[in-house]
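Given these sequences and hints, build the entire structure.
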Amino acid sequence: MKMLKTFPDKCITCHNCESACSKLYFKEDNAKKSCVVINEEIYPPEMIVCNQCGTCVDVCPTLALTINTQGVVILNKSLCIGCLMCVAACPINSMRFTENVYNPFKCIACGICTRTCPAEAIEIVTA
Amino acid sequence: MNRKLIAEFKYAPAPVIRGYNKRSLYINLSTGEIKEKPVTELMIDKFVGGKGFDLYLMWHAIKDETKWDSPENEICISFGPLCGNTSYPGSGKSIVTTISPLTGIPVDCNVGGHFGPYTKFSGWDAIELQGIAKEEVIVYIDGDKGVVQILSAPDEEINSHIFAEELIKEFADSEDKYQFVSVVSSGKAAENVLITCLNFSFWDKRRKVARLKQAGRGGTGSVFRHKKIKALVVKYSGLKVDSNNPVDVETLRKRGLKLHQEIEAGDSTQNRMRQVGTAHLMEIMNDYDLLPIRNFKYGQMPEAEGLHSREFKKLFTQGMPDGCWFGCSLSCCKAVDNFEPRTGPYKGKKVCVDGPEYETAAGCGSNIGVFNARDVVEINFYCDTYGVDTISFGTSTAFAMECYENGILNKERTGGLELTWGNADAALELLHQMARGDGFGVIVGQGVRKMKQIFAEKYGADPDFLQDIGMEAKGLEYSQYMSKESLAQQGGYTLALKGPQHDEAWLIFMDMVNNQIPTFKDKAEALHYFPMFRTWFGLQGLCKLPWNDIEPANNAETDEPAKVPEHVQNYVDIYTAITGKPLNKKTLIEQSERVYNFQKVFCLRMGKGRRIDDVPPYRAVGPVTEEEYLSRQDRYDKQLKEKLNIDPEGKSTTEKMDILRKYREDQYQQLIDAVYERKGWNAQGVPKIEHLQKIGMDLPEVIEVVKRFL
Ligand code: SF4
Ligand code: SF4
Ligand code: SF4
Numbered sequence: 001m002k003m004l005k006t007f008p009d010k011c012i013t014c015h016n017c018e019s020a021c022s023k024l025y026f027k028e029d030n031a032k033k034s035c036v037v038i039n040e041e042i043y044p045p046e047m048i049v050c051n052q053c054g055t056c057v058d059v060c061p062t063l064a065l066t067i068n069t070q071g072v073v074i075l076n077k078s079l080c081i082g083c084l085m086c087v088a089a090c091p092i093n094s095m096r097f098t099e100n101v102y103n104p105f106k107c108i109a110c111g112i113c114t115r116t117c118p119a120e121a122i123e124i125v126t127a
Numbered sequence: 001m002n003r004k005l006i007a008e009f010k011y012a013p014a015p016v017i018r019g020y021n022k023r024s025l026y027i028n029l030s031t032g033e034i035k036e037k038p039v040t041e042l043m044i045d046k047f048v049g050g051k052g053f054d055l056y057l058m059w060h061a062i063k064d065e066t067k068w069d070s071p072e073n074e075i076c077i078s079f080g081p082l083c084g085n086t087s088y089p090g091s092g093k094s095i096v097t098t099i100s101p102l103t104g105i106p107v108d109c110n111v112g113g114h115f116g117p118y119t120k121f122s123g124w125d126a127i128e129l130q131g132i133a134k135e136e137v138i139v140y141i142d143g144d145k146g147v148v149q150i151l152s153a154p155d156e157e158i159n160s161h162i163f164a165e166e167l168i169k170e171f172a173d174s175e176d177k178y179q180f181v182s183v184v185s186s187g188k189a190a191e192n193v194l195i196t197c198l199n200f201s202f203w204d205k206r207r208k209v210a211r212l213k214q215a216g217r218g219g220t221g222s223v224f225r226h227k228k229i230k231a232l233v234v235k236y237s238g239l240k241v242d243s244n245n246p247v248d249v250e251t252l253r254k255r256g257l258k259l260h261q262e263i264e265a266g267d268s269t270q271n272r273m274r275q276v277g278t279a280h281l282m283e284i285m286n287d288y289d290l291l292p293i294r295n296f297k298y299g300q301m302p303e304a305e306g307l308h309s310r311e312f313k314k315l316f317t318q319g320m321p322d323g324c325w326f327g328c329s330l331s332c333c334k335a336v337d338n339f340e341p342r343t344g345p346y347k348g349k350k351v352c353v354d355g356p357e358y359e360t361a362a363g364c365g366s367n368i369g370v371f372n373a374r375d376v377v378e379i380n381f382y383c384d385t386y387g388v389d390t391i392s393f394g395t396s397t398a399f400a401m402e403c404y405e406n407g408i409l410n411k412e413r414t415g416g417l418e419l420t421w422g423n424a425d426a427a428l429e430l431l432h433q434m435a436r437g438d439g440f441g442v443i444v445g446q447g448v449r450k451m452k453q454i455f456a457e458k459y460g461a462d463p464d465f466l467q468d469i470g471m472e473a474k475g476l477e478y479s480q481y482m483s484k485e486s487l488a489q490q491g492g493y494t495l496a497l498k499g500p501q502h503d504e505a506w507l508i509f510m511d512m513v514n515n516q517i518p519t520f521k522d523k524a525e526a527l528h529y530f531p532m533f534r535t536w537f538g539l540q541g542l543c544k545l546p547w548n549d550i551e552p553a554n555n556a557e558t559d560e561p562a563k564v565p566e567h568v569q570n571y572v573d574i575y576t577a578i579t580g581k582p583l584n585k586k587t588l589i590e591q592s593e594r595v596y597n598f599q600k601v602f603c604l605r606m607g608k609g610r611r612i613d614d615v616p617p618y619r620a621v622g623p624v625t626e627e628e629y630l631s632r633q634d635r636y637d638k639q640l641k642e643k644l645n646i647d648p649e650g651k652s653t654t655e656k657m658d659i660l661r662k663y664r665e666d667q668y669q670q671l672i673d674a675v676y677e678r679k680g681w682n683a684q685g686v687p688k689i690e691h692l693q694k695i696g697m698d699l700p701e702v703i704e705v706v707k708r709f710l
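The listed protein sequences derive, respectively, from chains A and B. Just so you know, the working numbering puts the end of the first sequence at 127, numbered straight through with nothing missing. Just so you know, the working numbering puts the end of the second sequence at 710, numbered straight through with nothing missing.
Everything labelled a hint here was simulated from the structure, so no lab data went into it. Keep in mind that this is a model prediction, so the values were computed, not measured. Since no wrong hints were added, every one of them can be taken at face value.
Going by beta-carbon spacing under 7 Å, a handful of chain B positions derived as facing chain A:
(1) 86
(2) 205
(3) 239
(4) 241
(5) 250
(6) 257
(7) 260
(8) 261
(9) 264
(10) 321
(11) 323
(12) 326
(13) 329
Backbone N, C-alpha and C define an ideal beta-carbon position, used for all residues, glycine too.
In structure tokens:
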């Protein structure tokens, strides 16, 4: 299974990862549209990102969520009817949604965030 | 399948605006006429949608003397402005109305499945089906292309579990698009008996079967088949989160997500709807002496352990998002997969059975003395696929069994069937007879009211005894709760406009268990508020369950926990979010009150709905037989002492029963007085003209009918 691994002790809360993620998928620098979330209200910071557990896959009524050959949970937008049942089901708030975007979104373990992190606080692993 | 095109109508698909299409579809099966009718502002203002539109359209389509089998009788199906949103749990209901073969007045059913939302998004706020086709037909709505067709239906198999699936496969564009097709069908029994239903399908992508949800009450399936309709089919593939074009999709999504989260957090400790659906009620009802057993004689028996929800949980496939519409995270529609019936034409075949839900488990289980979960599943399966209403089947069979127990029926009269309590084989045989159109099953399938007549006339049975034990009012069989110890629920059942169904008011806990409505005035208030509130679901195309089968964690601390205030506020908010129209908790009730009173006047117009029709059989009110009295003797004796100041010592059971009966019947009449008063009706149960004016339901055609009864 391909997934992100986080090291909160190393995180310097620069939020580069959030920028990189939202820029890639939403073409804008907006933490609300990032699949990885850095919460600096606590210390060490909370780094919230999908661990590909598959809980959301089981609740999706349209089978819009599937697990690919690399073990990554993928959302098929053409099947998604935006019910947000997956958002409620995700145990770690990693199925994300934001205003005016009808489909939820999540980390697909592409790894772009890892390349922008100056502190090696986030990396791609294959478990 | 080789189908002949009988009639065709093309229309321009257009997006729904703020929950409405502002047009309805009229189909005349006799003439082949298909046309579009405008939905007027008057309809929207006064009737809102859903059941309101159905009743309005039906009112203007039929005559005072229309019977269920008159060509002009209609089947109307409507959806409501909130129907079809994918955000808020429980938003995919269709409401079906017709003049019922059991009651002669309008019956309304609230049913899940994908047909309603897809038909709505195909361009229609309601469909009217009138007339009788010359040959067997299918009505097909292609919402992608904008075509309505009447097609010939030479199909041999019409039992729903097979037929719905065949039609989905026939009409879907390809295998990966089965989910965009939904079918309404009935089954073989609907050609022969009256206690029938319609099945609304949804394609279950995980199980790869057509699931069936029932528009259960009042014999809709018989009207459907009498019109020679084998099925309605709709195809629509454009569903999106904003298909209703709501004014404020964000509020809609936020309220929906909040409820999803409540369900995630609370369902497993509250009602376990996601594990066992409404069957979670089985043990609760048995614990409180409320589970109908042996034709509503008793509410509790140790044997009922056999129908504990844990028995059903073993049979239900777990961990599936079993919503009857997208976005319903309460997901109560459980199913038994790979079930092998042991009787009948599908014996040994593997089938998927929807349910059993509580009503089915109680009606086709405890109420007929069957305490084996697998037997209940089998009865459930055959009821659904043959198009038989499980509630009426249970209550009718229970009545026949009690008649058998009392010697009114015997083997000779039943054609060899031993209708003893718990004889599941006999119950199943009754069903197969209904489907074949032969044997005693056809008599049972006429429902309790007709059976009472037949048994009195043919077998010389005592009509008073039959009246006491025959659990029907207005011609409709009771649904499956014991109301003996809850006066408010006696009213809730018997005053329900369509007949004794619990969807208007379920007050047993408030009344009997928690004693929250002790006075007549309190009960009357509850019998005003709850029927009005619940009517609203039918106007909007919503399901009742996500209202109070999941509660916010702090609900108990609110002023009126029974109303679930936070969820009522959600409804107000999502109504405005979709339609853009203002609403508050008070005007919500007013929307319902108009339609409710319209339906009441509609009943009067069709010949029922006065005080003389609001009569419960005594079995719903108190113990009819000595055996019943003695089984709960302590309770009844105590009531004589405490409520009537009568010392039961030294009195015979018959004497005590007579006293209790007088008391209870009198209480019921006092309740009715209070409720009529609260509802703005006169002592005969006729809405007062001033009241109709006050609530804004004083259309000339309505007043004209009311005047006939004043
Ligand atoms: S989004 Fe949440 S539920 Fe889905 S796989 Fe990731 S962590 Fe699990
Ligand atoms: S929002 Fe989309 S992906 Fe999530 S459960 Fe609903 S349909 Fe599936
Ligand atoms: S609660 Fe059950 S019946 Fe109601 S909409 Fe959800 S799945 Fe359907």
